[in-house]
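Participant: Build the full structure now, drawing on both the sequences and the hints.
Take a look at the letters that make up each chain.
Protein chains: 2
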Amino acid sequence: MLSSRLQEVLDGRWAHVRKSARAELAGDKFVAVPGETIDQARERVTRLLRELPADPGVAAGFPIEYGGQSDPGGSVVAAEMLAQIDLSLMVKAGVQWGLFGGAVVALGTEHHYDRYLRDIISADLLGCFAMTETGHGSDVQQLRTTCVYDPATQTFDLHTPHEAARKDYIGNAARDGRMAVVFAQLVTGGRSYGVHAWLVPIRDDEGNPLPGVTIGDDGHKAGLLGVDNGRLSFDHVTVPRDMLLDRYGQVAPDGAYSSSIDNDVRRFFTMLGTLVRGRVVVGGSAANAAKSALTIAVRYGESRRQFTAPGETREIALNDYLAHQRVLGINLAHAYALHFAQDELVSTLHEAQTADSPAGEHQQRELESRAAGLKAAQTWHATRAIQAAREACGGAGYLAENRLPGLKADTDVFTTFEGDNTVLLQLVAKGLLTGYRDAFGSLDGWGRATFVAEQVRSLVLERTAARGLIQRLIDAVPGRDEEVALTDRGWHLALFEDREKHLLEGAVRRLRNGAAQKKARQFDIFNDVQDHVLETARAHIDRIVLEAFVAGIDRTADDEARALLAKVADLYALSTIEANKGWYLEHQRLMPARSKAVTAMVNDLLRQLRPHFTTLVDAFAIPDEWLDAAILREEPARQTTMAEHDVAGR
Amino acid sequence: MLSSRLQEVLDGRWAHVRKSARAELAGDKFVAVPGETIDQARERVTRLLRELPADPGVAAGFPIEYGGQSDPGGSVVAAEMLAQIDLSLMVKAGVQWGLFGGAVVALGTEHHYDRYLRDIISADLLGCFAMTETGHGSDVQQLRTTCVYDPATQTFDLHTPHEAARKDYIGNAARDGRMAVVFAQLVTGGRSYGVHAWLVPIRDDEGNPLPGVTIGDDGHKAGLLGVDNGRLSFDHVTVPRDMLLDRYGQVAPDGAYSSSIDNDVRRFFTMLGTLVRGRVVVGGSAANAAKSALTIAVRYGESRRQFTAPGETREIALNDYLAHQRVLGINLAHAYALHFAQDELVSTLHEAQTADSPAGEHQQRELESRAAGLKAAQTWHATRAIQAAREACGGAGYLAENRLPGLKADTDVFTTFEGDNTVLLQLVAKGLLTGYRDAFGSLDGWGRATFVAEQVRSLVLERTAARGLIQRLIDAVPGRDEEVALTDRGWHLALFEDREKHLLEGAVRRLRNGAAQKKARQFDIFNDVQDHVLETARAHIDRIVLEAFVAGIDRTADDEARALLAKVADLYALSTIEANKGWYLEHQRLMPARSKAVTAMVNDLLRQLRPHFTTLVDAFAIPDEWLDAAILREEPARQTTMAEHDVAGR
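Taken in sequence, the protein lines are chains A and B.
Here the numbering used here is used: position 529 in the first sequence is 711, and no number is missing along the way.
Here the numbering used here is used: position 1 in the second sequence is 183, and no number is missing along the way.
It is worth saying that the hints were derived from the structure and are not from the lab.
Take these hints with a grain of salt, some might be off.
Note that the list lumps identical chains together, so a pair holds whenever it fits in one copy or between two copies.
Claimed, not checked - Lysine-lysine pairs mimicking DSSO-like chemistry, simulated, CA-CA at most 27 Å apart:
#, residue 1, residue 2
1, Lys749, Lys211
2, Lys211, Lys683
3, Lys778, Lys701
4, Lys683, Lys778
5, Lys201, Lys683
6, Lys778, Lys700
7, Lys701, Lys201
8, Lys701, Lys749
Computed from a prediction, not measured in an experiment: that's the story for all the values here.
Facilitator: What follows is the structure, encoded as structure tokens:
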């Protein structure tokens, strides 16, 4: 069947992990339960966390020597699969193994692994990743929690100086965590060395907060009720010296600080960079959850009928309406495009994290930029697509039994955590602006306008996927648009590239001009062009996604699958061009007649793809018990009641 | 204070109702409670329904003689105020008094009023509006429930022939309703006369379903947990003849049918048309709820700071970021524009429903079209604006204690009930296509393409608001764009009008061409241009909204308020033009240079309006207890902690 062959393509390099998940987590045992109280959800998710099969699992990324599988790619894909079962369970697993355990591995050293890693992997030791503070979520360089070393006692004093410095939104804090990786400003010898991390016990074996530790509860949330988000405050808590996670910075017994990285800011961002896997997980998980929503909406739209057409007796299926096709079809095309981009990113991450030697700085920055951009793109896609799926399913979409409310509520915060999407777009944009001084090595944070103005120059756009193929396609495009078919892939790529390049050059020019003017605030140099800068980032992400899609199609051996994917890619490319036709027309990269033809072609592609909607969602291969939507379980019997033209309707 | 003077303008004609609500419903007694179970929510909302003050109230629309105030406008505004307190309570009140009681008044006659109206108004008799079926929500002409008259017993037999015909999503059904207005196909003398309505008891005084009545529960929903939506099925239930709501169609004891309207379809749509108030309520309520979300987000954005600018020590307030201003400012401008449009619609409705003689057909169709369009516009605005507000508030926006999750979940279904928004846009579009045969008098439903093709002609665009002023502004616009200021109101109006006119003419032309071709399905004549038709409707709605805003500003006496509103209207107009720049450039109604200037002006307007964001939301005058957001209650004390540059942050 075509859908099975398509599924092979989508399942990709870690197909064994996906198939294993569908088998091992079959049925409804792990599936989200609508209508739970917060306590019921927390209890169920914590219990099920411990019943998850280890293999494959979110803990697959840990070193083999400690019980993991040294398979970072596998751990990401395992999390993505959990996202189609219960997003609370996925986040809980991500917090435990990705963030808490992941931080111990990335920032700690062997003595930490020896003491804690096995218990973390087995979930006997549940823990938190305590970075975000009430006052600082995005600008984590400015965390206010302090940890001051006292050589006399060879201990640190961990302290929350005021309420806004309390750790907030911390998963595993409100109910379960016994330890936390706590991020704070390291002070020794009277000087601060910037943010570091310590492994800090927060509860005793009976579950009571340890002395000096205050634990609060974030309470009811829009979704993710199974994740016990809470608050942590420390009142001069004593932390032994050896609990500093000391991979990147060490404090000797006498209090002397040492590090292989001299610059405090660079060191901090290097540490942060090791946590990139969390962003890759969050992006892919959100996109996978969106596939569930689109599957439900497409299948519902096949059977749900409303209004009769002139000259017909049977009511019209929702999927037959052009407006419905535009909503579901275009979102499906984005789902496919992003799937290939995520696929490629996971591979890149896996290679980087399993290489014999550590990644070079350029490679690491590229990975961080790609992870940031695709996290933003996939989580925004998920939020918009799931909203659209709910509206497409009308009143049925509003009932919890049809799953869409839970998917929407649970994924909603994915645009915020693991990096606020707008801040991430800025990170991507800055990566495109070369010439940053090394002090701003990694790209989180604001940066200084003067440096940008002095040193920035246009970056020759780098390609990562199928370089040769893509360059050949672009080179083959005739000079005049009128001679090019609307479905010419080279033309699509050229248009995407032109937009990115032009926006980038424009951003550089405007920043330079802004720096040359006398503005009231230096802040205004960046702020006055912030929308342009963010648009540049979006254009860049659109291009890398299309390139990944093209590369993925190129690797597809099956002819029929390839042909169908090519059409979906046409729809992705042309609907993206259509959405940006204002820009293209404004910059005279599209002429009015061709612009109108783009819309006509999008509609035509939807008509061509409509008969394949079911195949396209079947290829996601989401088990029915995971979808768990009542409207999909309904008996077909009621559609054959005699004397009725139509039974199912809108 | 400017915000008070602005509030006067916004409070408008029914200011006394708004002020009364803020006073009588002060405090947190009626406010939504996050984290309730479904049973807790239902119990609380039903209890509070009975404690709502009668004056002003959602029941104000009932005739004075029966305990109402014959004030339809007042009842709409009362519902809009409830939307800022608890949307479940607002919907429950709307179901009870607007739908159930409203249907009894609109479709019934005096003997029904005498028996039931007082108890309905006092909420002693809780009831349902049972129109929607599982199989038919939008195409209610095709309801499958039947009600067959038997002259021998002088009773009707009300029957649900199969599962898809059960009444579904019915508020007041699952728990509380003792009677229902049930819509079904009236059959007498062996012939069907189309859909009519009966008043049918469904529960006895102990709360048990009556014989033949099966009551189901829709269960947990995304939101509106306080509304007990359920399902009703009838197994040959006997209904006395006098329980037919017989204003528009009567059945004599011998079974003879009579009606002042001969045509079945026309009669049905006339009946439906009397229920237009529900759409006006839903649109205005959604928009009012969005004001709560925008107020929370704007105030949070004033105090919340993150990232330091070069050369400064204080972190930057979120509202200082251009990207943040674009999101909040443009949504605020839409909120203001829609407010004036809704204001005007409520007045129009009130005039129509309190006139001595019934509205002429043209006036009634206009009212229905306006109600449909503004229902779609305001509910989509609310869903998008509340989503944007949640994202703008980051992690804090995800906590139930900050109110945004509840606002989002509760308003989400407003784009679906009281008319699916896409179907409503089609209704608006068809109203613009003149020449429909009388058989399609009211505009719900699909219509026949052949009639459209034969008879349609362009409609001279009608203005409703401030006709003279608007025509003068448009006439004053010079021929060449280059000579016109970007903030010239006449230019805005001309551009909005051009887009509507051009889209409408294009739709007519394409429908004619389509009808002339040999299409596989007649359905395709409409379907191939459905996106164009919907866009025509959107352009129409944009124009009437702008005209209402212009008229509202013209009526504003206070100079400072007027000036500020004019800037907000500039932002509304230019951001809408910006959002449609693809269309404008494609049709060469904007040249590239001017198009770029539009974006620059939008950004400039945002900079100018940013210092007034607080004033603009203060003018909504939403009591703090109604906003009920923890982040707005936080003590300012923590912002002055010594030795900290900044406390509140992102």
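Participant: Indicate which option fits the pair Lys749, Lys211 if close means a Cα-Cα distance not exceeding 27 Å: within, between, both or neither.
Facilitator: Neither, since 38 Å and 57 Å both go past 27 Å.
Participant: Should Lys778 paired with Lys701 be assigned to within, between, both, or neither, using CA atoms and 27 Å as the limit?
Facilitator: The answer is between: 22 Å across copies meets 27 Å, while 41 Å in one copy does not.
Participant: For the identical chains here, do Lys201 and Lys683 meet the 27 Å Cα criterion within one copy, between copies, both, or neither?
Facilitator: neither (40 Å within a copy, 55 Å between copies)
Participant: Reference check for the pair Lys778 and Lys700, CA-CA at most 27 Å: within, between, both, or neither?
Facilitator: Between copies only: 23 Å across, 43 Å inside.
Participant: Evaluate Lys701 and Lys749 at a C-alpha cut-off of 27 Å and name the case that applies: within, between, both or neither.
Facilitator: between (49 Å within a copy, 24 Å between copies)
Participant: Is it within a copy, between copies, both, or neither that the alpha carbon of Lys701 lies no farther than 27 Å from that of Lys201?
Facilitator: For Lys701 and Lys201, the Cα distance exceeds 27 Å both inside one copy (58 Å) and across copies (45 Å).
Participant: For Lys211 vs Lys683, is the C-alpha pair at or below 27 Å within one copy, between two copies, both, or neither?
Facilitator: Close neither inside one copy (50 Å) nor across copies (57 Å); limit 27 Å.
Participant: 27 Å Cα cut-off: does Lys683 pair with Lys778 within a copy, between copies, both or neither?
Facilitator: Close inside one copy (24 Å) and across copies (18 Å); limit 27 Å.
Of the numbered hints stated above, those contradicted by the structure are hints 1, 2, 5 and 7, listed in ascending order.
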